[in-house]
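Q: Sequence:
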Amino acid sequence: MLVGNKADLRHLRAVSPEDAAAFAERHGTFSMETSALDATNVERAFAEVLRQIYHVVSRNALDIGDDPAAPPRGKTIDVSAAKDEVSPVNAGGCCSSA
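For the sequence shown, my numbering begins at 12 and goes up steadily by one.
If you're looking for bench data, these hints aren't it; they were derived computationally from the structure.
Just so you know, not all the hints are guaranteed correct.
Said to hold, decoys possible - With a cut-off of at most 25 Å between alpha-carbon atoms, the simulated SDA-like pairs for lysine to any residue come out as follows:
hint, residue 1, residue 2
1, Lys17, Ala56
2, Lys17, Arg62
3, Lys17, Glu59
4, Lys17, Thr40
Build out the structure end to end from the sequences listed, making use of the hints.
A: This is the structure we're talking about:
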């Protein structure tokens, strides 16, 4: 996400909105102008960042389903160790002298 701040200072603009949009599109994102002075698009920019993060995380969670090393969906995995798998150090506790 490309964010141009100080949108309220249009007379000092160094990059046109069209150039910013073209740059963002070339890099697979989008652009938005904000102004902290008058709060223009500030909340919208944060909301969009959160929306994009949610989208990426959701997409990655779905991609895990294609991983053969991923745990099976809907199945319970028991991670507790069996008694014979506990090493003597762990069995005696951290402070035992035996």
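Q: Please go over all the hints and tell whether each is borne out by the structure.
A: Outcome of the hint check:
Taken as a hint, the Lys17 and Ala56 pair is honoured in the structure, with Cα atoms around 13 Å apart against an allowance of 25 Å. At most 25 Å may separate the alpha-carbon atoms for a hinted pair to count; Lys17 and Arg62 meet this at roughly 23 Å. Using a Cα cut-off of 25 Å, the hinted pair Lys17 and Glu59 holds, with the two alpha carbons roughly 18 Å apart. Straight-line distance between C-alpha atoms of Lys17 and Thr40 comes to about 20 Å, which keeps the hinted pair within the 25 Å bound.
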